[in-house]
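Listed in order, the protein sequences are those of chains Z and S.
Everything in the first sequence is counted per my numbering, starting at 44 for the first residue and increasing by one.
Everything in the second sequence is counted per my numbering, starting at 655 for the first residue and increasing by one.
Honestly, the hints are just simulated from the structure, not real lab data.
Don't take each hint at face value.
As the list claims (entries may be wrong) - Calculated lysine-lysine pairs in the DSSO-like style (CA-CA distance at most 30 Å, straight line):
no.	chain 1	residue 1	chain 2	residue 2
1	S	LYS776	Z	LYS339
2	S	LYS776	Z	LYS238
3	Z	LYS335	S	LYS778
4	Z	LYS112	Z	LYS141
5	S	LYS778	Z	LYS222
6	Z	LYS155	Z	LYS174
7	Z	LYS335	S	LYS776
8	Z	LYS339	S	LYS778
All figures in this text were calculated on a predicted structure; none of them were measured in a lab.
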Amino acid sequence: MKSRLVILGGLLLMALFASPQNIPTFNPQPFKLYIPAFLPGIMEDASAELRNDTMIYSLEGQVFKGGYKIAATSAPLPLINPWQTLYAMTDAYAKRNKQKIIDLYSPDSKAKIQNVVNGPNAAKFFEVVSKAAPKLELLAGVNYQNGFAVYTQDDEYGLHENYMKKVGDAYRLSALSDKSPTGWNLALYFKFDPKPLLPVSNVSMPDSIKYDDSTTIRLTVPVAGRWVGVSLGQPGLLIMMAQDNGMNDFDPSPGRVAIHVKGNMFFNPGTYEFYIYSLNFPVQRVSMNFIKPELKYSIKIAE
Amino acid sequence: MCCPNGVPCVQTSRKYSGTATWSFGLKCHFPIFGCPYVASLDAVVSAGVSGSVGLNYQTTCTGGKACATLDLGVSAGGGVGFTLVAGLVSGDLQLVVSAGASAELCVYPLPVKLCGSINLGKVKVVGAVSAVWGIWEHSVDYTLISGYTTPTFCKSF
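Next comes chain S alone, as it looks inside the complex:
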């Protein structure tokens, strides 16, 4: 037994298996203002964590809790192409998102709780903008969102 002073107490090592489904979608629709030659562009950027998580692990014991850390898959990205000012200004831009996520599944005490947070890294806009059908072109690579880590969200099963 671990945590002998903890009440109630759980076994040091206990094996669980099964599947948990958890998803958190972070989807933003917002205008991009960072192009000098147009007022704004509408773009969608998305970053999300979803899908099922296979459970096959052994718990560790901390303060009367039985938890395991899981690694989750992350999908993120988006893109925007535009032609404005009657075709004089055009762009081929891609939103590049670096994101990560971590989650912890606690099977004790009940209820079983899956908690996690998303680390939304930098969202960058990369590509090229040109005007007058190529008379001038700018390579583009700038940060749209600096990135942040959300506070922990929880879901009970």
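For reference, chain Z alone in the conformation it holds in the complex:
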């Protein structure tokens, strides 16, 4: 009995040493993801529950809030979970190891990856992946279409998606032709990391402008870099969007936004109620379910 315990202890010790400490534990759990239905690019998806213009996905996987820095390891990994495969891939990318990349793919996808790493686009491929690999952060992974979808990002190229399938005991990278909107929508969520719509403050603008004139609306956003939307009460009628220190912002101070608005943006002379709000992602549509009375302003457009 004692010798069995010694052997077991030895095996555990070997397993600890064989498994680099920086690889996160693979522990997929059920969780829900709440995605605004007006996030740019979101596709309609019957697999999500739609409630008050929020899409609710019931998923199983792991999310790393704020990202988990991947430190590639050259130690041989048995690929028994998606994180091991991801780490092995990152190491192969960083070292431009062609054969290791091919070996990581499932048999039915090997031909495709061989075409990439041996074909005319190989130099471009290795240039991008070797630059991205040292800066890669793990955002999440979810069970998806009989496999596992992994979302990572780096600060140069943005979001990346990898798809894996279990082949025998190992998770292998795999090609995916995805007709379902779910993978796309999840990618948008991890790209934008949507936060609640918030009011802006210190709004200054005239009470009235002429139809042919323009004016400047000045305001403060609650967090620097946020996007600002100006919408009429009619749902979907966005008349202006801007980003703090980005597009359509004429105030260089971080947190302060100056938007130029023309009278003819309101179509006809009259008195208009409109809404100003801020989001942490680009405003291309917005749901009136999220527009609260405290966001309301008014202006008279004179003849």
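Fit chain S to the given chain Z structure using the hints.
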């Protein structure tokens, strides 16, 4: 005579013929942010009503006005193809716009006025985005603009 209590009054039915030219262009240039794998794409979407309108109708009489409703032709659409991240991400997307327009020509009281509005329906982005030269592909079909109806614009002749 119709509208006997209206001052001035117009005839119940009066035939007009001729041509009116009216156009309203709605052309937007804006970035598309809705692709997960690239920061943004520049695209042009346009929806417009233009061309000449042949007038050959009989007026109706409402409250001292002589007006006729016209149907106008609408053209709308756009497209964007892109290759980014040194070729790793590429897309073939089409902007699909459903739009409609209606107009009303009032020949009385003067001046002759042509008023109309545009109903810009949903603007959708459809197509496919792929990465690593086809290692993965996503079919794409999403709404860029929910659609709205503009207030009525008028032009006097």
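Structure-based check of each hint:
no., hint, in the structure
1, S:LYS776 x Z:LYS339, "holds, 25 Å"
2, S:LYS776 x Z:LYS238, "holds, 25 Å"
3, Z:LYS335 x S:LYS778, "holds, 27 Å"
4, Z:LYS112 x Z:LYS141, "holds, 23 Å"
5, S:LYS778 x Z:LYS222, "holds, 17 Å"
6, Z:LYS155 x Z:LYS174, "holds, 22 Å"
7, Z:LYS335 x S:LYS776, "holds, 24 Å"
8, Z:LYS339 x S:LYS778, "holds, 29 Å"
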